[in-house]
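Fit chains V, R and P to the given chain E structure using the hints.
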Amino acid sequence: MRGPDIQWYVILSAILFSVGALGVMLRRSPLIILLSVEIMLNAANLLLIAFSRLHGREDGQIFAISVMAVAASEVVVGLGMIVAMGRRHVDLDVDKLRTLRG
Amino acid sequence: MINKPHVDWFALSPSLGLIGVSFVLLLVAVLVPKNARKPVAAFLAFAGFVGSCALSVLLYDRSAQAVTAVHDAIFRDRWSALAQVLLAGSGAVAVLISYREKMREEHIAEYYALLTAAGAGMAFFVQASNLMTLFLGLEWFSIALYVLTAIDIDLIGSLEAGLKYLIVGAVGSATLLFGSALVYGTTGQLSFDKIAAAGHGHDVMLVAGLAMVIAGLAFKASAAPFHMWTPDAYQGAPTPVTAFMSSATKIAALVVTYRVLTTAFPHDQRLWSGAIAGIAIASLAWGNIGALVQRNVKRLLAYSSVSHAGFMLIGIAAANALGARALMYYLIPYAAMSLGAFAVVAARERELGVPVTLHNLAGFGWERPVLGISMWVFVLGMLGFPLTGGFFGKFYVFAAAYRHGWWWLIVAGVIATMISAYYYLGIVRAMYFRESAELQLAPAGGAPNRELLLSAGVLICLVVTVGSFFAVQPLIDVARHAANALPL
Amino acid sequence: MHWLTTILIFLPVAGALVVGALPLPRYWVGSLASLISLVEVGVWITTATKFDFGSASLQFSQRRSWVSDLNISYHVGQYAFSVWLVGVTTVVMAACVIYGWWVGRERARAYFSLMLLLTGAVVGVFTAQDLLLFYAFFEAMLIPLYILIGVWGGAERLRATLTFVIYTVVGSLLMLASIVAYGLQQGTFDLTKIGPSNSTWLFLGFVAAFAIKSPLFPLHGWLPATYRESPPEVSAVLSGIVSKAGLYGLLRIAIPKFPEVVADWRVVLLVLASISLVYGSLLAWRAPDFRGVVMYSSLAQSGLIVLGLLANNDLGLDGAVLQMVNHALMSSALFLLAGMVERRTSTGEFALLGGMARGRPALATVMMTAGIISLAVPLSTSFAGEFLILAGAFQQHWAWAVIGAGAILLAAMYMLRAISAVLHQDVGPAVPDSALDLRGGELAVVVPLVLCLIGLSAYPNLISGHAFGGNRAITQVITPGGGYLTPTIDHAAQRANLTTCTKSGNQGSCQTVLVSAPSGTTTWTRYAP
Amino acid sequence: MANFLVWVVWLGAAFACLVSALAVVSFRNPFYSALALIGNLASLAVLFLLLSGEFVAAGQVLVYGGAVMVMFLFVIAYLGDKSEESPWSGGPSWQIVGAVLAGGAILAEVIVVVGLKAGDFLSSPKPVTRDFGSPAALGRLFLTDHLLAFEVTSIVLLVAAVGGVVLGAHARQGEDPTEVHART
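Residue numbers (the working numbering), protein chains in the order written: chain E, 10 to 111; chain V, 292 to 779; chain R, 5 to 533; chain P, 6 to 189.
Just so you know, nobody snuck in bad clues.
Straight-line distance between alpha carbons at most 30 Å, and here's what the computed DSS-like set of lysine-lysine pairs gives: (1) V:K325 / V:K393; (2) V:K485 / P:K131; (3) V:K329 / V:K393; (4) V:K295 / P:K131; (5) V:K485 / V:K295; (6) R:K197 / R:K54.
Treat the hints as calculated values from the structure; they're not laboratory data.
With the rest of the complex left out, here is chain E:
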């Protein structure tokens, strides 16, 4: 294969995953958290496709396509909740969501 080895892809995807994870943990807007989750899923997808190429097997790509569909589903549900909350004039800040307390 020409170009970079698979390990460069793996490193890239690891960094992406970490960036996404940091976004989830540090940001408070549910929308941005949702976007960060997408980055994490995409990092995993990159990994899947890279390994699919490594092993010369297409099932990794198949997996990646399913993941896209699943990610879209999560986005639908997540956005649905965010919209519902927005309609009810709730402050969209996960740190301020304190209705549920022990």
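Quick look at chains V, R and P alone, frame taken from chain E:
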């Protein structure tokens, strides 16, 4: 040329049947007139779960030989069939509990459709035999559960719980996915058997993948430190949904965890044994200490479910046949106790119209003797007292740990149980030792109406909880046959 | 025939279910429960008359496999000493149930149902021959007690139940850990088959549970709050019957199953027992109220009985069993009397009591009799019991006997002080003139207990001579090399099969040899396999 | 030469990918974050192409870049100002420390893993034919080996759609939903 794979419809029947019912329920949402929608939908959902339960029993009977079906996508064996029986049973009881729940009438059919879809997803999930079906099954039921948690969209708490559950759940599944990708990268295989056959034990990348897979599954099993969503989601979700989540999700996640670990990673058994033992201890500690300070009963039970995950993980950490048996057996009374306890909470909640706390449980035991005694039995069962299956559950788990040579796990479990006595008996104390008059509690809207369906659900749970104490041997035999499907 | 034990356990349990489920008025509930508890006494009398006290073997036993996976079975049966403990249980429980009926407890269905449940659980503890079954009954006792104290107890009942439950749950969970390890190690949970173990940790797990239940110093912290806040008949059951479950556990499990460990720990346990005895007596002497005296005397008596159990000879064991029965009767009678006094005066404080003997002959007579017997005057049954125990302890070392004798002197002091503070002296401010003498119902409850004591005083050998069958010979000898001998006695042939075990590391090896019966050797009574 | 070009493309795409990902998590306005994510997805699609994943790359652009992100943008536009947040401000400090630690741990773990692995295995991909990753090849797999996965994916989408419908219902008239805390 496209050669369609042979599809073992029978192996798929428990989940297919349920998802079929779910589709029918979506039609009901449109076709059946509004006033008849609730009973029709509830009945269909109940029938769906019972039917799925029956199919799972048949599947159990006819799957003595463990095989994979539909091109290595799913397992057809007794381990998954038994889990499906439990899942479908929990679902049926959840329907009984749901019936009188106050919720939006116009979405009642969708509610049951999502409930059955979640059940179907779990039934599929426990059969998963490759990393792809594992991930898809997980998402299938998770997404349904996210919506169910948030379904009471008039309550901020419900939406909030749904959103928190979704975010944490999505992170969990992304972790699982990344781990799966690493495993796939190391071995070039997706299916569990072949991952094991590829034999890359102790490969660094595989171990990293394994760790992330365990973390991802631990999110679903709400094992510490991946449990942070549990109290919020359990508290905010409509109580019948909480009941279903607490029992069914735990069944699905733990059964699959054990399956994945033993089937795909037998070479790394020492590693994952240790990791699971660590998670188990963390769950025991966190769950019990967290529960000590709770006043809200749903939240308290949520923390207790974290600690129960810890107990069952002890069975997994033991990594022997006894541990598999212990896990399967433990799940039976646990599912019943957890469903039953939340059902009782639901009854009290409907009666008072406010969240149930230890404070307003006062006098409940005397006002509603049957529910009171049932709750009493459930919490004693969770505490692991004799005369309930919870006792033998703990006993077997300890026995498995002992067989593995890890007496310190027993010590951890014993200490956890001691701590848990405080808050479990606190529930009994709240129900019996105080009068409701003394605290001036009054039912919202007159005397509580008799809820036959809910009481029936509670009684079923009661019978299972107590029955599993007396009928240990038959249940253990069943669990043993189920565990034979695993390469232990 | 073999069903008798099972009936003894499950008759009250079934009765509890009936009483709890039937929607009867309060009076009828009480009478039904009393009837059931009396029938239970009748069943026990039948058992006792059919029991062969000459045999040391398990009788009326029944065994059903329960969890064949781990060799757990429903195995119940009675040894001679269990018969006596079961008997005293049924008698005391009947008295307490009838007292509850006479007093007219609120929420009668729940109350009597729990009392009957408790009866079944305690009888189960005394007859279970499987470790797991034993544990199940042991824990099952806690459930009704928790509710009985928490619902019908005094003002401080919430705190009392909390300490009580924390102590007992901690103890029994330690025992559970030991049971798991012990049973899996030995491959069976059957008490009649399970072999001895030499693990100190397992032993301590069992001892912790039993010492808390008994109670034994320093694990008696739950005692004061619990005994003061319980309804009197529940206190009677607790100190009379439930504490015996702990002592029975030592007798049946901790001592015979861990011969080597007991040998190593004997002195420690004897010291603890002595401290319980002396410290309990002193506390009882200083106690400001009637219940306090009875309660701390229970601690002292537990210590005394443990002294007998660990004396490691026939005398001590016989005395211990006799004293268990004595104490069950005495302490339940005294707690019931305390309750009766409190009903009249609303207090048990000695400072507020006094002079109750005047014009109340029945109260004075019954209380004097019970008190005199419990301070162990010569010719009384408790004198017999304590004498046997001290004689046994003397054979261990004279110091134990001295301590015991001293404590018995203290017992005389505190008991006389309590009696005089209630019955004699000036009329206390809390004693109204209108306070009645004991009524018929109360007499019907407490007089039978006192009569049992008087009967035993006439013939204590009924128990002390019939607690371990006819066998009077050694079973276990700790050899100087650290091994131990386990003989089984063949009486017809007048010889013993001595199994010699030697220890090397954790593994022991055994060989069986035949020896002639070593008569007169002071060692251990074979009372249970 | 061709090898050099591939390297240049890879570096460009990887750089764009990282920068856009960092942008997503640090923008104040979710609108810009979403736009940055589109850039991220596009650059990932380029990487997919380099890995012979033509169909996946196309799907990435169409499904993600098209459908999903448009949905995001609509929602953000609908919510307006409410969705804005000042990033990196406040919040419990332990949370940030924990997050940085966790993120760093994940990163370090994987890099160490890969660093240790560096060598023969990851640098010798199997040779593949020209139609590797083509729609036809993937389509065949979807209908044979991974039939079930395909079907289940559609079920997941359907469940999500039902969820969207349920969650999208309007609040009841005449009730201030913030007041309704009956259960919680």
